[in-house]
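Heads up: the protein sequence lines correspond to chains A and B, in order.
Reading the first sequence from the start, the letters are residues 22 to 453 in this note's numbering.
Reading the second sequence from the start, the letters are residues 5 to 261 in this note's numbering.
By construction, these hints were calculated from the structure, which means they are not laboratory data.
Glycine is no exception: its CB is placed at the ideal position from the N, C-alpha and C atoms.
Treat each hint with caution, since some may be false.
[Claimed, not checked] Which bits of chain A does chain B cover? Going by a derived footprint, with three or more residues having C-beta under 8 Å, they are:
1) 195-201
2) 206-219
3) 246-256
[Said to hold, decoys possible] Pair by pair, the computed Cβ-Cβ distance ranges are:
4) A/ALA343 to B/ALA126: 56 to 62 Å
5) A/GLY435 to B/ASP136: 39 to 45 Å
6) A/VAL309 to B/ASP245: 54 to 60 Å
7) B/ASN29 to A/ALA136: 55 to 61 Å
8) A/ALA300 to B/PRO74: 35 to 41 Å
9) A/ALA136 to B/GLU139: 31 to 37 Å
10) B/ASP136 to A/ALA276: 46 to 52 Å
11) B/PRO74 to A/ARG311: 49 to 55 Å
12) B/GLN162 to A/ALA264: 48 to 54 Å
[To be verified] A few chain B residues that face chain A, going by a derived Cβ cut-off under 10 Å, partial list only:
13) ARG79
14) ALA80
15) PRO86
16) GLN87
17) VAL91
18) VAL97
19) GLY106
20) TYR108
21) ARG116
22) ILE142
23) LEU247
24) GLU249
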Amino acid sequence: MIEIDTTHVWMHFWAIATAATVSAACALVGSFLVVRRLSLLGDAISHAVLPGIVLAVLAGGRPGGAGVFLGAVVAALVTVWLTNLLGTHAGLAEDAGAGVAFTTLFAIGVVLVSALASQVDIDPGCVLYGILELVPFDTVPIFGLEVPRALLAAATVLAVLVVAAALCWKELVFTAFDPAAARAAGLPVGIVSAGLLVATSLATVASFEAVGAILVVAMLAVPAAAAELLVRRFHLMLVVAVALGIAGSIVGYLAAWHFNTNAAGMIAVVLGIEYLLAALLAPGDGVVARVVSRESLRWRVACEDRLASLWRAEEGDAAALAPRTLLDRLAQARLVFGGRIVPGRAGGLTDIGREEARVIVRSHRLWEAWLGRHVALPLDHLHPPAEWIEHHLGAEVRGRIAADLEGDEGDPHGRDIPPEEFPRRAADEPTR
Amino acid sequence: MSTTSAGLEFHDVTVAYGRRPVLWNVDLTVPGACLFGIVGPNGAGKSTLLKAALGLVPLAGGEVRILGAPLEQVRARVGYVPQRESVDWDFPVSVTDVVLMGTYARLGWLRRPGPRERALAAECLDRVGLADVAERQIGRLSGGQQQRVFLARALAQQADVYFLDEPMAGVDARSQERIFRVLSDLRAEGRLVVIVHHDLRSVAEWFDAVALIDMRLVATGPVAEVLTPENLRRTYAGRLDVLDEIGRAVAEGGRTS
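Based on the sequences and whatever the hints tell you, model everything.
Next up, the structure:
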């Protein structure tokens, strides 16, 4: 059992605060990358900045210091420039060009770290996986409070990114959605795109110490991708992505503490779970919503079919009586409970049930009649499509079909099409 | 230099992708205030000509003037409707958001669209018949509706010259009719509308003048004069293999056979 003392609590607080800040910055930038379908560019940049960081540290920069950020941004821009160069002059496809550029730069970084291990205080393992747990031990005093250097760097980057996004909002969104039209309108599309790359490298470098080069990709892409599933407006997507990123960091860190494992890895796992939940629970397009919508349609169809078959039984078509499948029985019970069918073995339609059944049968026969008039289908092929479409016709379209069929009294099978409204009996008229 | 009254001029414009020319020596003057069609077979360079006018592809030679001036001076007066497939319609924005983008360039940096811009966007949506889907996410629209959103965005730009790239591609008949009506109104207001188009039947019905393009300008002028069997045969019947071959040789830095 871990002894809880205040030092301990502060340590975890700082680590969580750092992870959450880093995560928020990454989610912000990542949202733009995700909607531009550039998530893998985040991957490329997060790797390619390594030699820049190494060289900056070699030149005397401190990890998390301004020099290191500069080195990383330069390395990121070199990657992008190399990618374009490979694309335009070596005829390489853009993704292949990025693949060549960033792996080469990352490899140079790895070689540098190993070769200069004695002079550069960078641990290759830390570069890949980060050491969130050690972040609270490297602090700077601010107003008498010992604040982790990594948190300070991440908070600065987050502030810069938020301000930049707020100032260039229009340009960012237009460029992301329709770069050609934005360029034609005279917006500085090239500068905006380059700015996004710089922002990506800033967020990446800020995250490096905490989560490393591999897991930062999760922070960039996963909360944003989950948010895109959940909301349909870009500004909401940003808010949701940042919230998911922060929540994932907190939960992930606490889970890692509980299970005594790597915090950055656990955060990425929690982010993955968040995405999974979003895919399951997203309104409208989520797996659960789709299953619910499909099943509720099946249920409605079963109930309506039940009513229609009782109507046909009343017309004298005895074959349509007993419920057969389990779904039919359940539908029958639901309709009895809802006052559509009279309880008991005989189980005829109630007045309300008859009203509803009439509409279904009317829809069915109207559609058969419409098909018979407008579509070349043999008589015995009319029933199945009508069985399907009868559940989807509303009053307005029924009216239009009826008007179109004017003159035809019955359906193609010679049966009457029930009227839209029964003539009310005098007793039903509301009295004034 | 005297300023001309022409809406759009191409002076000996050649466009190349890489080093390979795809559009050769187009010399074309479009008068102001009309519906002007750029028509030709697939791969003829119609869209390329439009993009060249908008500065979206570099010119290998020649000059484009819009309203008598270089593009940079009149950009604010030029509206562009790109091909519908050129963007990702799953992008999380509403119909109104997209139309408001038409006001962004005029608003300039730092200013947000306000009540005036929103009113303008609503008016433009109404003109294209989409007022009732203003708050919908753009991915939930039909192809014809999406095309009309693009048109509404261009209208919100309040431009004097409009360029439309295949606005009728994959668009239902009702949307087509609506789009053509809006474009006719623009002409009636004294604006120039240049349309890359592929359907020869509607050219005669709606357009005032037309340019037949197949890697080079075949013919241009009023529709009735240009759409002759001879011109159409020269545009559609035979590819000019010689241009293809020379283009390839130029790209490879070699010589034709």
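Against the structure, the hints come out as follows:
| no. | hint | in the structure |
| --- | --- | --- |
| 1 | 195-201 | holds (count 5) |
| 2 | 206-219 | holds (count 3) |
| 3 | 246-256 | holds (count 5) |
| 4 | A/ALA343 to B/ALA126: 56 to 62 Å | holds, 57 Å |
| 5 | A/GLY435 to B/ASP136: 39 to 45 Å | holds, 41 Å |
| 6 | A/VAL309 to B/ASP245: 54 to 60 Å | holds, 59 Å |
| 7 | B/ASN29 to A/ALA136: 55 to 61 Å | holds, 57 Å |
| 8 | A/ALA300 to B/PRO74: 35 to 41 Å | violated, 50 Å |
| 9 | A/ALA136 to B/GLU139: 31 to 37 Å | violated, 59 Å |
| 10 | B/ASP136 to A/ALA276: 46 to 52 Å | holds, 48 Å |
| 11 | B/PRO74 to A/ARG311: 49 to 55 Å | holds, 53 Å |
| 12 | B/GLN162 to A/ALA264: 48 to 54 Å | violated, 38 Å |
| 13 | ARG79 | holds, 4 Å |
| 14 | ALA80 | holds, 7 Å |
| 15 | PRO86 | holds, 5 Å |
| 16 | GLN87 | holds, 9 Å |
| 17 | VAL91 | holds, 5 Å |
| 18 | VAL97 | holds, 6 Å |
| 19 | GLY106 | holds, 8 Å |
| 20 | TYR108 | holds, 5 Å |
| 21 | ARG116 | holds, 7 Å |
| 22 | ILE142 | holds, 9 Å |
| 23 | LEU247 | violated, 23 Å |
| 24 | GLU249 | violated, 21 Å |
Violated hints, in rising order: 8, 9, 12, 23, 24; the structure is consistent with all others.
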